[in-house]
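Colleague: Sequence:
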Amino acid sequence: MQEHNKQFDYKVWMQQFPYPEHKEGSAEFNSMTIASWVICYGHLIFVIYIVKRVVEEKANGSKELLKMMGMTNCTYWTSTFVNYFMIAFINALVIAILYKTPMKNAFVLFKHTNFIILFIFLLLFLTSLILLCMTCSIFFNRPEGVQWNNIAEFSLIPDMSMLVTLAMMLVSCVLFVIAIWYFDAVWPWQPGVPKPFYFLFTKNYWCGDKAANSEDGIEIMGGDSGSDFFEVEPSGMYPGVVIKNLSKDFRSGITSKLAVNNVSLKIYQGQITALLGHNGAGKTTTINILTGLFTPTSGTASINGFDILRETANARGGFGVCPQHNVLYDTLTVEEHLRIYAALKGVRWSQLTNEATQVLDIIKLTDKRHELVKNLSGGMKRKLSLGIAIVGGSKVLFLDEPTSGMDVEARRGVWDALLEIRRERTVILTTHYMEEADILGDRIAIMADGEIQCCGSPMFLKQKFGTGYHLHVVKDQNFNMQGLTSLLKKYVPEVTVENELEKDISFRMSSTTGNEFGDMFEELEGHKNKLGVISFGITITTMEDVFLNLMGSNTLLAMFAFGGMCDSIIDMQLLWLEVTWREE
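For the sequence shown, our numbering puts the final residue at 635, and the numbers step up evenly by one.
It is possible that some hints are incorrect.
Unchecked claim - Taking lysine-lysine and the DSS-like style, the derived pairs with C-alpha atoms no more than 27 Å apart in a straight line are:
hint	residue 1	residue 2
1	K579	K540
2	K515	K554
3	K432	K419
4	K554	K581
5	K103	K114
6	K515	K526
7	K541	K554
8	K151	K103
Claimed, not checked - What follows is a list of derived Cβ distance ranges for each label pair:
hint	residue 1	residue 2	range
9	K109	L226	35 to 41 Å
10	S561	T253	39 to 45 Å
11	V98	A230	36 to 42 Å
Rather than coming from a laboratory, the hints here were simulated on the basis of the structure.
Here the structure is a predicted model, which is why all the values come from computation and not from measurement.
In this text, a Cβ means the ideal position worked out from N, Cα and C, and glycines have one as well.
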């Protein structure tokens, strides 16, 4: 460092800025909390003693006797106050000394508080407490409380004893319990199927009804089961679920929307019935009505012979539900979920673990049995929801899009599980995956605008609404359209061009059997160069083709605009192209 050509030597010392010593606040905080509780609640006995003593003098007549002998009210209250004030003075002094005395580790409760101020504070607190007790004593005439020997005696209010008060509170508890039970059963403005207001006076409520035969007395008016769009009902099979003219109308102000329109359907035991339809077709609403979440506007249904309106509890006792959205508890494990729902289904306590283990094996979640639900992936949660529906031996399963959100491997695992457990169960399945409905569905019902458009086995629907076979040909530059068409019609009379692009062409061919295709392919292979064909392939009608033909292009295009049946933009574009081809 230089100044005016002079050089100075200097040194720099650095030191951390001082700060107070760290103190553990937990002990001090706990001590202060205990001290405040001691001050506030430690004098309750003191309060009770003062009030009881003054009221006793009033009750036994000693106060009035003193007044008769010449004592004034001022003298009486002053002497009473001075008597207890001396006790309070000693009490406040002892407490102040204790609060200022060092305890363990030299800890003082009120270290930074002046002793005199602390003493005055405590003394004034006790003084106000004495005066409060003296004031309260004016409003009581008897010092004893309620005992068994005086519980029926009247005190302040005529005709009102503690026994009467207790009886009134007991009656009110009973009335509130009855009100909760009754109004929860009949209140219509809540989820679930309400009972009629007079259900207490019905015979089946008190005696119960046996499950009726689902075939007895059933007259299905909707669905036109005798039309060509409906396959003949299978014989010798028991319908676990029978839907009869079911309708649901949602009202909002003066507007209404008919979500389910006169639906009638039989779902048989030992089969998986797939319910297809775009978003808003009425699939989930139908499931919600069958499970008792919604009340139908008209019509009814029976599950294992129990009517869903008149015998809701019995109907619910035999089915399991996998809702569209997961209804799980994040703080419970996978096994705990299954044990809880198994117990609700009536499984014995000793069998809960075995039941949960069997279901975990079916849904392939054995390694996750002790995992919290909040740590599961979306696909695993769907598996658990399916397991909850299966557990307890449910005879009827309502599965609302059970494989949504699963990868391909997990989805196929669920398919195998459903095919295994369907033998003694009635399964109704809603899905957006055509392949899933084709593989799992013994019978498939397609809904649109709240109505069942058709119902039958996959083979029946393909024969009724399918387009036969599709021949796809890759063209060469010297492609001979007329020659290829003549060759195809030689073996298959009904051949139409389905779509033609620059480098390929598709033909639609109707055929009852595929026996003639062998000779046709052999001749086509031998004349590929002559006809200008590079390669060719054939596909059979799929459920997607059936759905496209049945729904119609206008409905599908409107549906795709909302992404109702598409899992991706690519799917939407491909389906839009297929609809366009069909229109051409």
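Colleague: The structure should be examined with respect to each hint, and the outcome stated for every one.
Modeller: Results for each hint:
1. Distance hint between K579 and K540 is fulfilled; the C-alpha atoms sit about 16 Å from each other, no more than 27 Å.
2. Restraint check for K515 and K554: not satisfied, since their Cα atoms lie roughly 32 Å apart, outside the 27 Å limit.
3. For the hint pairing K432 with K419, the CA-to-CA distance comes to about 11 Å; that is within 27 Å, so the pair holds.
4. Taking the CA atoms of K554 and K581, the gap is about 17 Å. The hint holds against a cut of 27 Å.
5. For the suggested pair K103 and K114, the alpha carbons sit about 14 Å apart, so the restraint of at most 27 Å is met.
6. Between K515 and K526 the CA atoms are separated by roughly 31 Å; this puts the pair beyond 27 Å, and the hint is violated.
7. A hinted pair counts as satisfied when its Cα atoms are at most 27 Å apart, and K541 with K554 qualifies at roughly 24 Å.
8. At roughly 33 Å between alpha-carbon atoms, K151 and K103 are farther apart than 27 Å, so this suggested pair is violated.
9. At about 40 Å, the CB distance of K109 to L226 agrees with the hint of 35 to 41 Å.
10. Distance hint for S561 and T253: a CB-CB separation of about 58 Å, inconsistent with the stated range 39 to 45 Å.
11. Range check, V98 to A230: Cβ separation about 40 Å, and the 36 to 42 Å hint holds.
Checked against the numbered hints above, the structure breaks hints 2, 6, 8 and 10 and satisfies the rest.
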